[in-house]
Every structure is written in structure tokens, then in C-alpha cells.
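*Asks:* Heads up, the sequence shown is in our numbering, so the first residue is 20 and it goes up one at a time.
These aren't lab readings, by the way, just hints derived from the structure by calculation.
No residue lacks a Cβ here, since even glycine has one placed at the ideal position from N, Cα and C.
There may be inaccurate statements among the hints.
What the hints assert, rightly or not - Quick list of in silico lysine to aspartate or glutamate cross-link-like pairs, DMTMM-like style, CA-CA up to 20 angstroms:
{"id": "1", "residue 1": "Lys315", "residue 2": "Asp90"}
{"id": "2", "residue 1": "Lys243", "residue 2": "Asp257"}
{"id": "3", "residue 1": "Lys315", "residue 2": "Asp187"}
{"id": "4", "residue 1": "Lys226", "residue 2": "Asp257"}
{"id": "5", "residue 1": "Lys226", "residue 2": "Asp187"}
{"id": "6", "residue 1": "Lys243", "residue 2": "Asp187"}
{"id": "7", "residue 1": "Lys196", "residue 2": "Glu227"}
{"id": "8", "residue 1": "Lys230", "residue 2": "Asp187"}
{"id": "9", "residue 1": "Lys196", "residue 2": "Asp257"}
{"id": "10", "residue 1": "Lys243", "residue 2": "Glu213"}
{"id": "11", "residue 1": "Lys226", "residue 2": "Asp236"}
{"id": "12", "residue 1": "Lys315", "residue 2": "Glu213"}
{"id": "13", "residue 1": "Lys196", "residue 2": "Glu213"}
{"id": "14", "residue 1": "Lys315", "residue 2": "Asp301"}
{"id": "15", "residue 1": "Lys315", "residue 2": "Glu94"}
{"id": "16", "residue 1": "Lys243", "residue 2": "Glu227"}
Said to hold, decoys possible - Label-pair ranges, simulated between beta-carbon atoms:
{"id": "17", "residue 1": "Glu100", "residue 2": "Lys315", "range": "28 to 36 angstroms"}
{"id": "18", "residue 1": "Pro351", "residue 2": "Glu74", "range": "22 to 30 angstroms"}
{"id": "19", "residue 1": "Thr47", "residue 2": "Arg186", "range": "39 to 47 angstroms"}
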Amino acid sequence: MTDRPLPLRILGIDTSCDDTGVGIVALTPDGQVSVLANRVWSQAVHAQYGGVMPELASREHVERIDQIMEDALREAGLRVEDIGAVAATSGPGLVGALLVGLMYGKGFAQALNVPFHAAHHLEGHIFAAASEAQLSAPFLALVVSGGHTHLFDVPRDGEYVLVGATRDDAAGEAFDKVARLAGLGYPGGPAISEAATRGNPQAVPFKEPLKGQSGFDFSFSGLKTAALLAHRGGATPDDLAASFQRAAVQTLVNTTVRAAHATGRTTLVVSGGVAANRALRDAFAATGLHVVFPGKGLNTDNGAMIALAGAAAIQAGRPASTLDGGATAYAPLATT
20 MTDRPLPLRI
30 LGIDTSCDDT
40 GVGIVALTPD
50 GQVSVLANRV
60 WSQAVHAQYG
70 GVMPELASRE
80 HVERIDQIME
90 DALREAGLRV
100 EDIGAVAATS
110 GPGLVGALLV
120 GLMYGKGFAQ
130 ALNVPFHAAH
140 HLEGHIFAAA
150 SEAQLSAPFL
160 ALVVSGGHTH
170 LFDVPRDGEY
180 VLVGATRDDA
190 AGEAFDKVAR
200 LAGLGYPGGP
210 AISEAATRGN
220 PQAVPFKEPL
230 KGQSGFDFSF
240 SGLKTAALLA
250 HRGGATPDDL
260 AASFQRAAVQ
270 TLVNTTVRAA
280 HATGRTTLVV
290 SGGVAANRAL
300 RDAFAATGLH
310 VVFPGKGLNT
320 DNGAMIALAG
330 AAAIQAGRPA
340 STLDGGATAY
350 APLATT
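All chains should be built: construct the whole structure from the sequences, respecting the hints.
*Replies:* Below is the structure:
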């Protein structure tokens with residue numbers, strides 16, 4: 020591989036679902052990372068369907084990725100030859116969409132003769148928080164997004180123990196469905212958050228899911244059904260949004276705090292699209308844990324988080340990936 024000057028500039032690409040993300044980070048010899056660019060094209064075509072259409076997502080990635088790459092390099096003030104390593108999401112996600120960014124990243128790395136790292140999407144979400152603080156195990160990590168609600172214990176760098184996960188809908192998926200039910204639009208997270216500022220969080224007496232469980236799993240299907248019944252019963256969209264948000268935040272925070280006490284962890288990373296929710300952030304801030312959230316623009320799917328995951332892999336001395344690996348729709352992060 021051709022040597023590149025330090026700091027090492029790492030290119031990250033994520034096309035796992037409906038966002039075309041390209042980011043660039045700088046890694047210094049002492050392990051400090053900084054985000055130089057983070058460009059994301061969010062596909063609006065899916066709004067009319069109320070959810071992501073896989074074939075349309077793949078086509079949009081193909082059409083947009085060249086321009087997003089150019090925009091990222093321009094934002095960072097770099098030339099193509101300044102890139103010293105490439106990371107791209109290999110899974111989990113929509114296989115057709117993943118393949119666009121994965122093959123693009125491999126081609127980029129091969130053309131530049133630089134290391135390529137196949138990145139796990141959830142590890143990318145976790146290390147998005149490295150933009151705000153240097154992450155060092157042990158810590159807990161809650162990834163909460165439209166497709167994932169997973170709680171990991173990270174006892175050592177690169178080791179992930181699944182502590183709890185959703186038994187049905189992901190939290191972000193539930194936000195989308197309740198927002199659509201209430202006629203608040205798509206994506207549901209921002210729509211629910213905005214409507215909740217106008218509603219009464221006590222108007223609908225949602226029960227906390229799985230309250231009293233001994234484990235640390237999550238469930239949102241019951242809240243979704245209760246929201247449907249409340250909607251049919253005449254609850255206003257704003258009250259429904261505020262009450263649903265209260266219950267969803269309550270179960271996420273209470274379950275995670277119990278897990279922190281059980282594992283003895285005092286540092287918590289909260290990432291993923293739902294981590295942008297202000298009510299969730301305020302509730303975690305009141306727990307007494309050291310909570311780290313990703314920086315602005317790094318909560319939802321993006322390329323910078325994949326570049327940050329690549330930086331973590333390089334710092335840990337993990338070998339570069341081969342160029343013959345494929346995309347994987349289902350790829351557990353847990354190592355034990």
C-alpha cells in the first residue's frame with residue numbers, strides 16, 4: 020500500500036438504506052479524530068409510500084454518489100489522492116443499496132492503492148460519538164434508529180455483547196408508524212418531536228412496555244397498537260405525539276439505566292436517528308450517567324460515522340479487509 024502523510028484522511032461511505040452518505044475524517048498519530056466533511060443526500064422519493072422502497076433506494080444511490088463524493092472532497096478541501104484509507108458499510112442493510120457504496124468504496128481504495136475497511140453499520144453509529152469524545156472501553160452503547168434498537172455492553176475495544184434489543188418494531192420505526200397514523204408526515208421522528216411540543220404528554224395514558232422484566236429488551240408494538248386505539252378514540256395528533264414520545268423515551272431510558280447499573284458501566288453512548296430527539300437527550304442527561312451523543316448531523320445514517328469506525332479499526336490495529344467480501348442484509352454486531 021502507498022504511504023500517505025499524517026494525519027491520515029479516511030473516506031467513509033454509507034448507502035445502507037435511503038441516505039447516500041460520504042464523509043471524511045482526519046486521524047492524527049496521537050489518536051485524535053476530527054470530521055473534515057459529512058455530506059448526505061436524503062432520498063425524498065420514499066415519502067409518498069410512507070416507508071423505504073428498496074429498488075428506488077438503490078437507484079437513487081447510483082445516481083447521487085458521484086456528486087456527494089465531489090461535495091465531500093470540496094468541503095474537506097482535499098484532492099482524491101489525499102485519501103489514505105477507505106471504509107464502506109458492508110451490512111446490515113438493504114443488499115442492493117449496500118452494494119452501491121461498498122463497490123464504490125472498494126474501487127476507490129483499489130485505484131488509490133490504500134487500505135479498505137468493510138464497516139459494520141451499527142459500529143458506525145456507535146463511533147459517530149467519537150466526534151464528541153474519545154471513546155475508550157468499557158462503556159454501554161444504545162443504538163436507536165429506524166431499523167435498530169440494540170443495547171450493547173462494550174467491555175473491551177472491538178468486543179460487543181448484546182445486552183438487549185427490541186422484540187418487534189425498532190423505536191424509529193414505531194415513531195414513523197405513529198406519525199403516519201396521526202397524519203404528521205414522514206420521517207416520523209422529527210414530526211413527532213415537533214408535534215409533541217404542542218401536545219399534552221399525559222393526555223393518553225400509555226403504559227411502559229415490558230415494565231418489571233428482569234432483562235433489558237425493548238418492545239414498541241404495544242405502544243403502536245395503543246396509539247391506534249387512542250387515535251380512533253379521538254386523541255388529537257399533538258396529544259398523541261406527546262404521549263407516545265413520553266412513553267417511548269421512558270422505556271428507552273429506564274431500561275438502559277437498569278442495564279448500566281447491572282453492568283457497572285458509567286459511560287453511555289446513545290446514537291442513531293432517534294438520538295436526535297430532544298426529549299430523549301434531556302431524559303438521559305438527568306440520569307447521572309456520562310452520556311455521549313454524536314455531533315450535529317451524525318445521528319442519522321452518514322458517511323462520516325463509517326469513516327470514524329474505520330479510524331477506530333485502524334487505531335486498534337485491525338487488519339484491512341479484502342476486496343472480495345460482499346454485502347450482508349443481516350449482520351449481528353455482537354462478538355460474544
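*Asks:* Going back to the hint list, which numbers does this structure go against?
*Replies:* 3
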